[in-house]
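Once you've looked at the hints, dock chain X against the given chain C.
As you go down the protein sequences, you meet chains C and X in turn. Just so you know, the first sequence maps onto residues 2 to 251 in the working numbering. Just so you know, the second sequence maps onto residues 6 to 311 in the working numbering.
The hints are simulated quantities; they were obtained by calculation from the structure and are not laboratory data. Some clues are possibly wrong.
Derived lysine to aspartate or glutamate pairs resembling DMTMM-like cross-links, with alpha carbons at most 20 Å apart [to be verified]: (1) C/LYS85 to X/GLU77; (2) X/LYS113 to C/GLU8; (3) C/LYS80 to X/GLU92; (4) C/LYS13 to X/GLU103; (5) X/LYS113 to C/GLU78; (6) C/LYS42 to C/ASP133; (7) X/LYS82 to X/GLU177; (8) C/LYS13 to X/GLU104; (9) X/LYS78 to C/ASP98; (10) X/LYS78 to C/GLU250; (11) C/LYS249 to X/GLU77; (12) C/LYS249 to X/GLU65.
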Amino acid sequence: MITLRTEFQKIKRRRVGLTMSVLISVQFAWFLWATKSPGEKELAQGWIELLQILPLLNVIMMPTFMSVLASRLSDLEHKGNTYKQLKTLRRPGILFDAKVICGLLFVAAISIGQIAFLLVLGFCRHYLGSPDMHYYALALVFNFACCLSLYLLQLNLSLLFFNQMIPLVVGLCGSLLGLILMYIKMYSFLPWGGFLSCALAGMDWNIETRIVTYFYREHSAIEYCAIGMVFIWIIVFYVTGRIAFTRKEV
Amino acid sequence: MSTQNLVETHNLTKQYGRFRCVNAVNMQVTSGAIYGFLGPNGAGKSTTLKMILGLARPTEGDITLFGIPVNEKNRIKLLSQTGSLIESPSYYGHLSGEENLRIIQTLKGCSKKDVDEVLKIVRLDSARHKLVNHYSLGMKQRLGLASALLGFPRLLILDEPTNGLDPAGIQEMRELICSLPSAYGMTVLVSSHLLSEIDQMADHVGIIRKGELVYQNTLESLHAHARSQIALRVSHAAVAADLLRQDGIDTSQEEDYLLFPMMEDSYVANLCRRLIAQNISLYRVEKRETSLEDIFLSLTGKESSL
Chain C
2 MITLRTEFQK IKRRRVGLTM SVLISVQFAW FLWATKSPGE KELAQGWIEL
52 LQILPLLNVI MMPTFMSVLA SRLSDLEHKG NTYKQLKTLR RPGILFDAKV
102 ICGLLFVAAI SIGQIAFLLV LGFCRHYLGS PDMHYYALAL VFNFACCLSL
152 YLLQLNLSLL FFNQMIPLVV GLCGSLLGLI LMYIKMYSFL PWGGFLSCAL
202 AGMDWNIETR IVTYFYREHS AIEYCAIGMV FIWIIVFYVT GRIAFTRKEV
Chain X
6 MSTQNLVETH NLTKQYGRFR CVNAVNMQVT SGAIYGFLGP NGAGKSTTLK
56 MILGLARPTE GDITLFGIPV NEKNRIKLLS QTGSLIESPS YYGHLSGEEN
106 LRIIQTLKGC SKKDVDEVLK IVRLDSARHK LVNHYSLGMK QRLGLASALL
156 GFPRLLILDE PTNGLDPAGI QEMRELICSL PSAYGMTVLV SSHLLSEIDQ
206 MADHVGIIRK GELVYQNTLE SLHAHARSQI ALRVSHAAVA ADLLRQDGID
256 TSQEEDYLLF PMMEDSYVAN LCRRLIAQNI SLYRVEKRET SLEDIFLSLT
306 GKESSL
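Isolated chain C, as found in the complex (with noise of 0.2 Å):
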């Protein structure tokens, strides 16, 4: 808990939360931009469209957001060559999983953030019936498992180089990235692709009556082994994270 403290003592001035907070209602401006004017289909459908548009939105803006939140808690280590002075005081593992606890808190909020807002939209819009608050919650965990192991990556990075320049980099390709999966498939065994294997609305457009119609996925094994491979990657990333931060001589 005091390693943890110091974290939120180093990021003073930092503004960590306004940097996130401006990125974050970058998107809620798509989200108000793709709902506007809704008829009668949208507002009977809007509470699953929701869910639907979250994920696509999320695979193309969080690896870059998670890769600049990383390179935030990260880089004033670097700056200042920190942590040949914070070694001798706590041991690397301890300091490496205030880092991720740090980042976590941040994901968490973000998460939190955005079921919030689509619920505040969702009853501004005045969309019919209640939300559906099983598949919201479900929404909110699979969110931040996919926020949770982008950040973990970027932060091995963020922690691995000196030039910041790179994780982030990585984090626009990881954008890019889902960018070209979301027209692949709607899984993917990737990272970055995580937000569209836990999708739980999909959409059907048909093209001859020019209907959308949006349904609650039934996600088939394969997709269900590419929902667990995020989780994975969660252990993956904060194991070897934690070992090569812990071996690295400074």
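Positioned in the frame of chain C, the structure of chain X alone reads:
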């Protein structure tokens, strides 16, 4: 004061690939001492200090701190009695000096009052609220020292603490380091590539060259090696040396010269008279000095800056 060794290394070795940058170093730092760790750039000083602090893993050898062998389990506990400043100061530029020290104080678990005290010791109390990014290099160095002093550890490890400081800053830092053992009972292990600096600060000295500890003793003992000699250039040095030895005068020959330990002027005059009486021509009488610098250069292979 106890003469227990606070730091002991046994065959401490660090190898990167095929390159041994530290080779079987057996260092002993006595309690209450200021141990000057001297060597040219790249000799292995920082690597040795990093291994003592657990920042680099030794390839071979052991380290004992405060009489206890260091292992991964007790490392942090032993280092809690240690303060360090390695190469350059560690700091968060976007935070003030005081905020930086608060972080270290939280991690060290020492009193909040210590922050005020160390800021006064390093004379940064007037700049405590200034962002460290706006500090001069000297101020950053002093902040690094303040971090090391937090909690008033038993052992202070400083790697080239005067790097980048102006002459006044060097003098200030030197005085501060010299005062630490008497004022706070600290033992200081300070490295430098400057002999003059160590000569003015340390009471014990270890000299490292190409990763090997080539000298370790008190500074007094090193000074004792620095001696003066009388050299006489004569016509037949070998004959003259034999004649003098027969008279019970100890001398050594170096080409045309006879070398004698430092002696009074009257002895020199007597010596000259004896040689001339034996028909040995006397060409020159010289006083030769072997300075501390000469000894250092001979130990370090003339690679260092003085």
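Enumerated hints in conflict with the structure, sorted upward: 7
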